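Participant: Take a look at the letters that make up each chain.
Protein chains: 2
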Amino acid sequence: MQPSLSAVEAPGSLTRGQLEHASPAEVRQAIRDGRWRSNTKRLALGYHQANVTIVPERYAFDFMHFCFANPRPLPLLDVTEPGDPVPRKCAPGADLRTDVAEYLLLRDGEVVEQLRSLDKMWRKDHVAFLTGCNLSLDRVMLEAGMPLPHLSNEEAFPAQYRSSIECTPAGVFRGPVVVSLRPVPDPLVVPLIELTSRYALSHGAPVHVGDPAAIGIRDLSKVDWGLENLIRPGHTTMFWACGITAPAAAAASRIPEMIVHAPGRMFVTDRVVKESTL
Amino acid sequence: MQPSLSAVEAPGSLTRGQLEHASPAEVRQAIRDGRWRSNTKRLALGYHQANVTIVPERYAFDFMHFCFANPRPLPLLDVTEPGDPVPRKCAPGADLRTDVAEYLLLRDGEVVEQLRSLDKMWRKDHVAFLTGCNLSLDRVMLEAGMPLPHLSNEEAFPAQYRSSIECTPAGVFRGPVVVSLRPVPDPLVVPLIELTSRYALSHGAPVHVGDPAAIGIRDLSKVDWGLENLIRPGHTTMFWACGITAPAAAAASRIPEMIVHAPGRMFVTDRVVKESTL
Numbered sequence: 000m001q002p003s004l005s006a007v008e009a010p011g012s013l014t015r016g017q018l019e020h021a022s023p024a025e026v027r028q029a030i031r032d033g034r035w036r037s038n039t040k041r042l043a044l045g046y047h048q049a050n051v052t053i054v055p056e057r058y059a060f061d062f063m064h065f066c067f068a069n070p071r072p073l074p075l076l077d078v079t080e081p082g083d084p085v086p087r088k089c090a091p092g093a094d095l096r097t098d099v100a101e102y103l104l105l106r107d108g109e110v111v112e113q114l115r116s117l118d119k120m121w122r123k124d125h126v127a128f129l130t131g132c133n134l135s136l137d138r139v140m141l142e143a144g145m146p147l148p149h150l151s152n153e154e155a156f157p158a159q160y161r162s163s164i165e166c167t168p169a170g171v172f173r174g175p176v177v178v179s180l181r182p183v184p185d186p187l188v189v190p191l192i193e194l195t196s197r198y199a200l201s202h203g204a205p206v207h208v209g210d211p212a213a214i215g216i217r218d219l220s221k222v223d224w225g226l227e228n229l230i231r232p233g234h235t236t237m238f239w240a241c242g243i244t245a246p247a248a249a250a251a252s253r254i255p256e257m258i259v260h261a262p263g264r265m266f267v268t269d270r271v272v273k274e275s276t277l
Numbered sequence: 000m001q002p003s004l005s006a007v008e009a010p011g012s013l014t015r016g017q018l019e020h021a022s023p024a025e026v027r028q029a030i031r032d033g034r035w036r037s038n039t040k041r042l043a044l045g046y047h048q049a050n051v052t053i054v055p056e057r058y059a060f061d062f063m064h065f066c067f068a069n070p071r072p073l074p075l076l077d078v079t080e081p082g083d084p085v086p087r088k089c090a091p092g093a094d095l096r097t098d099v100a101e102y103l104l105l106r107d108g109e110v111v112e113q114l115r116s117l118d119k120m121w122r123k124d125h126v127a128f129l130t131g132c133n134l135s136l137d138r139v140m141l142e143a144g145m146p147l148p149h150l151s152n153e154e155a156f157p158a159q160y161r162s163s164i165e166c167t168p169a170g171v172f173r174g175p176v177v178v179s180l181r182p183v184p185d186p187l188v189v190p191l192i193e194l195t196s197r198y199a200l201s202h203g204a205p206v207h208v209g210d211p212a213a214i215g216i217r218d219l220s221k222v223d224w225g226l227e228n229l230i231r232p233g234h235t236t237m238f239w240a241c242g243i244t245a246p247a248a249a250a251a252s253r254i255p256e257m258i259v260h261a262p263g264r265m266f267v268t269d270r271v272v273k274e275s276t277l
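Heads up: the protein sequence lines correspond to chains A and B, in order. Here numbering that gives the first Met the number 0 is used: the first residue of the first sequence is 0, the next is one more, and so on. Here numbering that gives the first Met the number 0 is used: the first residue of the second sequence is 0, the next is one more, and so on.
Treat the hints as calculated values from the structure; they're not laboratory data. The structure displayed is predicted, hence computed values, not measured ones. Since no wrong hints were added, every one of them can be taken at face value.
Treat identical chains as interchangeable: a pair holds within one or across any two.
In silico SDA-like links for lysine to any residue, alpha-carbon gap of 25 Å or less: (1) Lys88 / Ile214; (2) Lys88 / Val206; (3) Lys273 / Arg197; (4) Lys88 / Thr276; (5) Lys88 / Arg173; (6) Lys119 / Glu109; (7) Lys273 / Ala199; (8) Lys88 / Ser252; (9) Lys88 / His207; (10) Lys123 / Thr167; (11) Lys273 / Ser196; (12) Lys221 / Ser252; (13) Lys123 / Val171; (14) Lys88 / Glu165; (15) Lys88 / Ala251; (16) Lys221 / Gln113.
Just chain A, same shape as in the assembly (with noise of 0.2 Å):
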C-alpha cells in the first residue's frame, strides 16, 4: 500500500488533546478544513468511529450482504441511498465527501489514487458504507486503565495482518479476515476480552489469542497496514477483526471501484459507543 498524503495540517491546525474531548460535529469540521490530517485515535472520545466503504449502487446488495455475514469484521453502523453523501442514522450532519482525512480510490482492489476529497469524483450511483472500528474503544479502554500502546504512545498503531480466516462468501464479494493486533500484558488479556466481547459493533471479542502462525501470520514484522508492534515478554499476542477486510476483500474479489478511508484515518460519527451484541 502507498504511503499516505502528508500529514502537515492547513493553518489553525489542532493538537490531538485539543481533539480529544472535542464533539465528533468540531472533530469533522477540522478535517473537512484540512486542520486534522492524522489519524484519528483518540479523537472525540467515546463515539463511533468508522470504516468507509463506497461501491457503485450495482455492488451495493452484494456488499451489504457480505457485511451481515461477516459482523465480526465489518458490524454495520449505517449505510446511505445510492448518491446521497450524508449517513442519516450515524450524523446526519455529515457529508461523507469531504469529512474523512484521506481517501484511496481502488481500482480492482489496488490504490491508484490518494485524495482529500471526494467532491470531483461523487456519482449519483455511489453508496457509502460505514462499519465499526476498534479505536471506538479507546475511551471505554482509557476508562478501564488498559495501557495500551496506541493510547499512550503518539506514534504506535495497530499492525493489521491479512489472516488465513475466510471472510464468508456474499455475491461477488470474498477473501481474508483482516485483523489488528495488540500485544497485551498477560494480567489484562482476561479482561480485555471480557470488555471487548460487550462491543460487538466495534468488532467483538478477538478472533484468535496466541500464536500467529494459526491464523497464517508468519511474521509479524511484514505488517499489511499499520505499523509493527514489538512483542515484549510477559504480552500475549492478541487479534481482533478490522474493518481493513473491505479493501483487502476488493482485492480478493477483483472489484472494479471502491473508496475507502486511508487506514486509521476514520470518519467520526455522532453515535455514542454503548454495549451492543449481534
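Chain A is fixed; fit chain B onto it per the hints.
Facilitator: For chain B alone, kept in the frame of chain A given last:
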C-alpha cells in the same frame, strides 16, 4: 386480507403439543409434508421463528436497507443469495420454497394468491429475507410465567394493526409500522418490558403502552391481521412492532411483487433465542 387456506392436515397430522418440543428440522419436515398447516405459536420452543419476505433481486438492496433502518419491526436474521432458497445462516438444511405452511403472493401489495409451496414459482432472481418474530419469545414467556392469552388458549392470537408510526423510508420502501397487541395484566407490565427489551432480534421492547389512539388505532375491534384480543379490567394494552410491516410496506409502496408467509405461519429456524441488542 383473504381467509387462510384450510388448516386441515394431511394424513399423519400432528398436534401442537407434539411439536412444542420438536426440533426445528422436525417442525419444518411436518410442514413440508402437510402434517402441520396451522400457525406456529409454541412450536419448537426456544428457537427463532421468522417472517419471510421474498422480493426480486432489483429490490433486494432497498429492502435490506429498509430492514436496517427499521430494526424494531424488521430485525434481520438472514438473507439469501439471489435464486438460493436456503437460509444458510439460520437453517442451512431448510428450503424456503416448501418449509412454510402457507405463502401469500402480493402484487402491488395486494394478496392475489395463497400457496402451499413456491416450487413452481421460485425464480433465479428471488431473494429471501428472514426477520425476527415475537413468537420466538414463547419459551422465554412461559419460563417467566407470563400468562399471555396466546400461550394458554389455543384459539387466541395477537391482534395486529397498522399504526400511525411511520417507518424510516429506504429506497422504494415506505409504510406504517405494524404493531401487535397483547393485553397484559397490570402487574406484568414492567417485567414484560424488561424481558422483551433484552431480545432485540424479536422486536425488543414495546413501541407503545397505553391508549391505542395515540398510535392511530381508533377501534381495537377492527384488526388488520390476527384475532381481536379482549381487553379486560386490570389489563394494559401493550403494542410491539410486528414483521407484517414488510407486506404493509409492499402495499404502501405498491411493490410489483413480494411473497410473504401467511400471518402466524412462520418459518422455524435452527437459531437458538438468546439475548441481543441492535
